[in-house]
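Protein sequences appear in the order of chains A and B. Under the numbering used here, the first residue of the first sequence is numbered 1, with each subsequent residue one higher. Under the numbering used here, the first residue of the second sequence is numbered 1, with each subsequent residue one higher.
Treat the hints as calculated values from the structure; they're not laboratory data. You may find that some hints are simply not true.
[To be verified] Interface residues of chain A toward chain B, partial, derived using beta-carbon atoms under 7 Å:
#	residue
1	20
2	21
3	24
4	56
5	58
6	60
7	61
8	62
[To be verified] PhoX-like cross-link-like pairs, simulated, lysine-lysine; straight-line CA separation at most 25 Å:
#	chain 1	residue 1	chain 2	residue 2
9	B	97	B	55
10	B	175	B	274
11	A	17	B	20
12	B	274	B	287
13	B	224	B	257
14	A	44	B	226
15	B	226	A	37
16	B	257	B	237
17	B	195	B	50
18	B	204	B	265
19	B	26	A	17
20	B	55	B	26
This structure is a prediction, so every number in the text was calculated from the model and none was measured. Ideal Cβ placement from N, Cα and C applies to all residues, glycine included.
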Amino acid sequence: MTESAAKKLPRIVVNEKLCKGCSICVDFCPTDVLEMKGSIAAVKNLEACTRCQLCDLRCPDFAIQVFD
Amino acid sequence: MSTPVAEKKEKLSVPFDYNKYLRPNKLPHIWCPGCGHGIVLKAMLRAIDKAGLDKNNIALVSGIGCSSRTPGYVDFNTLHTLHGRALPFATGIKLAKPEMKVIVVTGDGDALAIGGNHFIHACRRNIDITVLVFTNATYGMTGGQYSPTTPLESIATTSRYGNIEPPFDTCEMAKASGATFVARGTAYHTIELEKTIHEAITHKGTSVVDIIDACPTYFGRANKFKSATQMMEEIEKDGTVNVKQAASLPPEKLAGKMLRGVLHKVERPEYCEKYETLIMEKANAKK
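For reference, chain B alone in the conformation it holds in the complex (with noise of 0.2 Å):
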């Protein structure tokens, strides 16, 4: 088409500008068709670019898997780490740049098993992370293996007559270890996730986001959904409830469902912030 195209930039629907945050160059990227990780990126640039934030004074951290190619893709300060440890870098990233924004994306296996003790010891700490934990319930680089957020009897290539192991619940591991705000998004609701990421990246403090997004490859195969869309509407859309919605729900109705929305959101002093003060007050004190 040989329209020009900066003609009509003005005209009220135009499409958001992902190249700003992109290193075109790097795309297509590596995710499967259908893989949810890549709605999830695009809500999560959004959402940056609704909180007005500086991409130099961004630092975005990952471990290893399939989610933690992510930062390969976007022109921020990036990190690709150790599995399991991209926590510990982005506390010493934080720590020695309490100016800038840190935030780590992680899948559920690099958060929960093979970080799970850096994940409850972030939270603890409140330092001003965020986390976004991209739930796929399954390992995808290495083979479809089942996680630690694989549901029960679900098929996995490690569990082929239906996992025994019961799941852990992101968001209350992360309540329970301390995060001041919590909450949960999917791929599918992706205005509500963009909105959710925002308060996430604004709140001071350790902010996690649990986003329940699609493996079709190996999760969906195995367990007999026909296409990512099959996946995107019985997992994520019928799968959850808002929270909001919930209140007026009998029982029931919530059976089974996860609750989507901001679970939990508390003030509490910051890591970076106390430390200064005591660093500050010890250093007075020898004057």
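Only chain A is shown next, with the shape it has when bound in the complex (with noise of 0.2 Å):
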């Protein structure tokens, strides 16, 4: 990948420490970007990420955050 592809890609924070593992988070991703590894959201697909927010918004335990 070059590295101006590699710029524009959002970045996703996923605290291991607070996730309880609820799914909220990819259950309403629109673009099918996280998965639940084990009892914990990780990324899977980051190039698909609109940046919407979603999943920050509607997590209950401050457990993710995009940065652009």
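Both chains are given apart, each in its own frame, so use the hints to dock them into the complex.
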């Protein structure tokens, strides 16, 4: 991947100490970016992220945030 | 990841910094996986930030219950009081320090059953307090007994064959008791909820926001919901209609649905101001 393409990707940070594995972020993500790895949310397909921040808005545990 | 965080702060989509208002060492919170209370707390923090309130000038008061654990996680002046008695404590704070913004976070059982009397009288006085009622239709902390807002025929640990008690409509009750701002929101419609709470906080007088959220552990499991997501979609999304949309919908489409948004807003003299005026009048008359 070239550097310019890499720069456009957002950064999704999952705080593993706070995530309780309710899978709300995975279920509501409109572009299927996230998945459950065991009982913790993880990024599966970062390229598809549209920065809508629905995962952040609906996360009850302060565990996920999307940085531009 | 080793990329510096501070570097891109000026970019357009910087996520909201909740840590500004939280006590981070108290996290993770005690709420179960999928519990809606965390979503409501986040909406409340964003609304407070939007209103530009000083966190040292806010008092957050609660009673007992799952929702009433909220003050433990936020860095305001906080008070965790007796079951159902958050409103009397909040009234005391408001009368002693009228310049302070007083917000009460309470559950449906705490506000409407144990503290039902205090709730109607706070509304009647129209004292400048914002009451956020977290309605999850169950007593989650004590094992899922039915509460005053549990829908008819729902299963709870104390109604194994289905609930036969008709539920309260929190908004109708607040309106009838005299609250000057009454609204409803859900954890699913989180941006709309943020706006509603912001409007409630900036309103002068008693403002009540009934917030529908999900208890997947007790209410959800007993009533055959598979996940928190399913509860949010079926109860909060499909079970409610925005009051503005409802005006143009036929009555058969509104059957069994609750209205969302600002349902009642009027101006009426506020209690602390009336009290202050009366005291000053009597003090001046004696001189």
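Now the hints, each set against the structure:
no. : hint          : verdict
1   : 20            : holds (4 Å)
2   : 21            : holds (6 Å)
3   : 24            : holds (6 Å)
4   : 56            : holds (6 Å)
5   : 58            : holds (6 Å)
6   : 60            : holds (3 Å)
7   : 61            : holds (6 Å)
8   : 62            : holds (6 Å)
9   : B:97 / B:55   : holds (15 Å)
10  : B:175 / B:274 : holds (21 Å)
11  : A:17 / B:20   : holds (19 Å)
12  : B:274 / B:287 : holds (21 Å)
13  : B:224 / B:257 : holds (20 Å)
14  : A:44 / B:226  : holds (24 Å)
15  : B:226 / A:37  : holds (19 Å)
16  : B:257 / B:237 : holds (10 Å)
17  : B:195 / B:50  : holds (9 Å)
18  : B:204 / B:265 : holds (10 Å)
19  : B:26 / A:17   : holds (12 Å)
20  : B:55 / B:26   : holds (18 Å)
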